[in-house]
Structure formats: structure tokens, C-alpha cells
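Could you build all of it, start to finish, from the sequences and the hints given here?
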Amino acid sequence: MSGQRGTPQLICEDLSLGYDGETVAENINFTVCEGNYLCILGENGSGKSTLIKTLLGLKKPIGGEIKHCGGIKQGDIGYLPQQTAVQKDFPASVREIVYSGCIAKCGLRPFYSKAEKALADEMMGKLGITELSRRCYRELSGGQQQRVLLARALCAAQKMLLLDEPVTGLDPKAQADMYELISTLNNEGITVIMVSHDFAAATHYASHILHIGAHTQLYYGTTEGYLESGVGTAFAERAVSENG
Amino acid sequence: MAEIFQKLQLYFSYPFVWYALIVGLLIALCSSLLGVTLVLKRFSYIGDGLSHVAFGAMAVAGIFGLTNNNYIVIPMTVISAILLLRTGQNAKINGDAAIAMISVGALAIGYLLMNKFPSSANISGDVCTTLFGSTSILTLRQDDVILCVVMSVIVIAAFLLFYHKIFAVTFDENFVRASGVRANVYNLVIAIITALIIVLAMNLVGSLLISALIIFPALSAMRVFRSFKSVIICSAIVSVVCAGSGIFISILSGTPVGSTIVAADIAVFLIFCIISLFIRRKA
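Sequence lines, in order, name chains H and R.
According to the numbering used here, numbering within the first sequence proceeds without interruption in unit steps and concludes at 244.
According to the numbering used here, numbering within the second sequence proceeds without interruption in unit steps and concludes at 283.
Please keep in mind that the hints were generated in silico from the structure rather than gathered at the bench.
Take these hints with a grain of salt, some might be off.
Under the rule of at most 25 Å between Cα atoms (straight-line distance), these lysine-lysine pairs were calculated in the BS3-like manner [unchecked claim]: (1) H:K105 <-> R:K116; (2) H:K60 <-> H:K117; (3) H:K114 <-> H:K126; (4) R:K229 <-> H:K59; (5) R:K41 <-> H:K114; (6) R:K229 <-> H:K88; (7) R:K7 <-> H:K88; (8) H:K53 <-> R:K41; (9) H:K105 <-> R:K229.
Using C-beta positions, here's what the derived DEER-type ranges look like [as the list claims (entries may be wrong)]: (10) R:Y163 <-> H:D20: 33 to 39 Å; (11) R:K229 <-> H:A176: 48 to 54 Å; (12) R:F278 <-> H:T84: 27 to 33 Å.
Positions of the beta carbon are idealized from the N, C-alpha and C atoms, including for glycine.
Printed below as a string of C-alpha cells:
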């Protein structure tokens, strides 16, 4: 799977990122093709979250260009955000949240159509949370909550997912389950972009790696090439020493 | 008991009592609908801030001596609501500081203007009325009632039309924006509806107690119910029942309308807290 190139879906050329006129990362170049599993690695403050916002179109790049192609438009990226404080005590049923993934399809229509509800039900079935559909979101375990948000992301877009630190705060068992789930979705043909600082998981699951250092891109290419290049060595050692 | 019925019968033969009841129930319904969203978005205090702006605007309107203060109060409050809800996202002054600043600022300027340009001889009476609502709800004229009904219909219709969008924006604004929906438009809708409700509610409970009308029903419902829809429905029912019983009690016992309604809301909140303890123990 790795190294294989499908149709390009997202091309970033000479991207410069930042906010309030201050650049946090420059010269970012990478291409995401259909069926790729790209992991974006980088330390805190390296501009990962700014890159996410830029890819999603929530922020304009300072320089360079993001091209959408291969049937992908702006808004066709299913987004799995990190949990916010607001969501932790939010009274909402699982179904209400998954349905809200169809919000863009509604346009000005004030309610969800049958097709949209069917899509949401299908995604809940796919991720094994159908029995939870009437449960309250805030009473679920961390792993279950992530599945709910993933189902919502899949309702919004079925071709490409952007996952922001999807295993943060989960216990080891739930982390492994989450990675396996993402891998399964990727094998079914969904393009995955995952932001992470988990070196081991990234090199184990991803087909491509984009490593952002302080202010600039350190590596982009296949995972094999990344392991050979030695760019990740220092990062991996630090991760190991930090985690015990 | 019979005595109470007779008293009520007497009161309800006057149209102004009916007006008060209609206006009170509509305002309670509208404020509870938006209350859930505002509490969840961490904007509980926006009601307080905006009502003080409305107080200041009322003082300004008093200077110009307009026949209907709402021509000045509504636009000023709506503009402030938009500014306040915008600053929540990215601004040099953060949300709660901005609310505090505008809130006390408007209160001070409003009181200053009221004293400098008194519209009647009884300044402290005027101030008290604006702050606590007092009896002005019992002196509503027919065109006030019509205005209130029209505004309430607009608020309720907007809420129903945008219900799913309001839910999505409240739960996760970034996700909504990422999927290509203009979330700012819906934030704007929320801001405008909030401002309209606050101007309406000024008559009922006055500007100091408006927050109570917005947050108490929502907080009560959130104790017990666990889906967004059920929370909204429960909070609407709680709010309407509390407003209704508050108005009846204040008629019968001569207490101020606004604070009686808020007292009823507090009582229901305590009851719901106790219920939630039992539910949790069971689960």
C-alpha cells in the first residue's frame, strides 16, 4: 500500500502558515493521494494545529497554495477535532451528534432528510455504536465518544478524514482499538490525514509521514524512507524518554 | 379557596391582566429556548451584559423623548450583542472581560444620563422600574402587546427553522465551519435573537433579573434530561410554568412580578437538583 500513488486529492505548494501576521511554519510541500494514510508529526508549537485549520479552510495560508483535486472540494474533509471543554458536559444524545454531521448537506432546509438520516444510521452501524444511539454523549467512555465523533465526520465526508490527535486521553486498549478502526477505514479506501505526536503508532500505521520541525518541514515521503532518513530518530528518542 | 377564585375572576375581567399574562408567557418561552444554547456556549452572562446595555439605551431614548423607546433600545442592544458574541472568538479583550466592561459601562452611563436628563420627577422610581421590571408589565398598552407577540413569533420561528444548525454550532463550531457551513451566520442569528429576547424581557423582570429567566430553566432541565431536544422542551415547559405561576402569585399576594417569577425558577431548579440526585443513585 505504501509508496503506491493514487489520484492526487490535496496538493500543498510552498505553504506558509501563521496567525496575526506571524509565520509559524514555511515551505511546506506535500501531496495527499487517494487511499493514502498520511501522518503529520511534530512537536507542540510546530504549527500542527495551524496546519489543520488551514487545510480545513478555517484559516487562510500566509503564502503558497492548497489545491483540491480528484473530486475533493473544500468542505469534503471529514474532521475529527479534539474534544473541547464545552462538549464534556453537553446534554446531547449520540444520534443528535452523528446527525449533525449532515449539517452541510441540509443547506437552508431546516430538518434532515430521510437519506441523511439513513446515512447517519449506516455510519453508526459501521462504527459499532448503533446500540448507543439514544445514550447521552457525556456518559460514554472516551473511546466511545471518539467513535461518535468519527461517525459524525464520516457523515460529512466519505472520501477523506482529518484526525486531530485521535487517541489523546484514551487508555492503551482504547488507543489500540482506535488505531485499528482508522486503519480499517483506510483499507476501505478512505484517505486519512492524522495529526499526532505518537511516533510509534505513526510509523506503524501510516503510509506517508510529514514531519514539521521548528518553522519548517523536515521530511515528507513514505514511512520507509522516513525511518531510513533518520529525521525521526531524535524525535522518537525524546518520545521514548518522555513516555517512560 | 373560593375567595382566591373570586379575586382571580375579578382580575381577569381586566384586559391588562390578560396582556401581562400573554406577554409574560411568551417572553418566558422565548428566553428559555435560547437559554440552553447560551449556557452551553458559556455565555450565561451575556444576558446580564446586554440587559445593562438596554438599560443605558433606555436612558438615551429618554433624552430624546421618543413615543416608543424600542426604536432606540432594540438596535443598540442588537449591535452590542453582535459585538459581544464576536469577541468570544478572537479578540484582544477576551469574552468575559468584554461583557463585564460593556455591562457596567452601560449601567453607569445610563444612570448618569437618567439623572442629568430626568424624564419624570421620580428618578429613583424610574431606575427601580428599569432594573427590576416592577409593575410596568401591568400597564402594558395594546401596541406593546402586539409588538411583543410579533417579536416572539419571529424568535420562535427562527429558532425552529435553525434548530439543527443552532445545535451543531453550539456543540462544535469548528466542525461546522470545516464542513463548509457559514457558522458565523448562525452565530449572528443567535446574537440577534438573544438581543431581541432581552429587550422584550426588560418589561417583565427588568434588566437585573433577565439572566435568571435565561439560565435557570436551562440549568434545571440539564440536571435531569440528557438529550438536546428533551433539554430544550423541558426548559421551555419549566420556564412557562414558572412565569405563569409567578404572575398568579404576584397578583394574589401583591409581590413584584419579576422577582416572584425568578423565585419560582429558583425553586424549580432546587427540585430538579434533588431529582437528579435520585436518578444518579439509581443508575
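Agreement of K114 (chain H) and K126 (chain H) with the hint, judged by alpha carbon distance not exceeding 25 Å: 18 Å, holds
Tell me if the beta carbons of F278 (chain R) and T84 (chain H) are separated by a distance inside 27 to 33 Å. 30 Å, holds
Mind checking the hinted window 48 to 54 Å against the Cβ distance between K229 (chain R) and A176 (chain H)? For K229 (chain R) and A176 (chain H) the Cβ distance comes to about 35 Å; the hint is violated.
Starting from K229 (chain R), check that the Cα of K88 (chain H) is at most 25 Å away, please. 18 Å, holds
Verify the proposed pairing of K229 (chain R) with K59 (chain H), using a straight-line Cα cut of 25 Å. Measuring from Cα to Cα gives roughly 32 Å; hence the hint is violated.
K60 (chain H) and K117 (chain H) were given as a pair; does the straight-line alpha-carbon distance stay at or below 25 Å? 33 Å, violated
25 Å limit on alpha-carbon distance, applied to hinted pair K7 (chain R) and K88 (chain H): 49 Å, violated
Between Y163 (chain R) and D20 (chain H), does the C-beta distance stay in 33 to 39 Å? This hint holds: roughly 35 Å between Cβ atoms.
Restraint status (C-alpha distance of K105 (chain H) to K229 (chain R) at most 25 Å): Given pair K105 (chain H), K229 (chain R) holds - Cα atoms ~21 Å apart, limit 25 Å.
Within 25 Å, alpha carbon to alpha carbon, are K53 (chain H) and K41 (chain R)? 21 Å, holds
Holds or violated: are the alpha carbons of K41 (chain R) and K114 (chain H) at most 25 Å from each other? 29 Å, violated
Is the Cα-Cα distance between K105 (chain H) and K116 (chain R) 25 Å or less? This hinted pair is violated, its Cα atoms lying about 55 Å apart.
In this structure, the earlier hints numbered 1, 2, 4, 5, 7 and 11 are contradicted, and the remaining ones agree with it.
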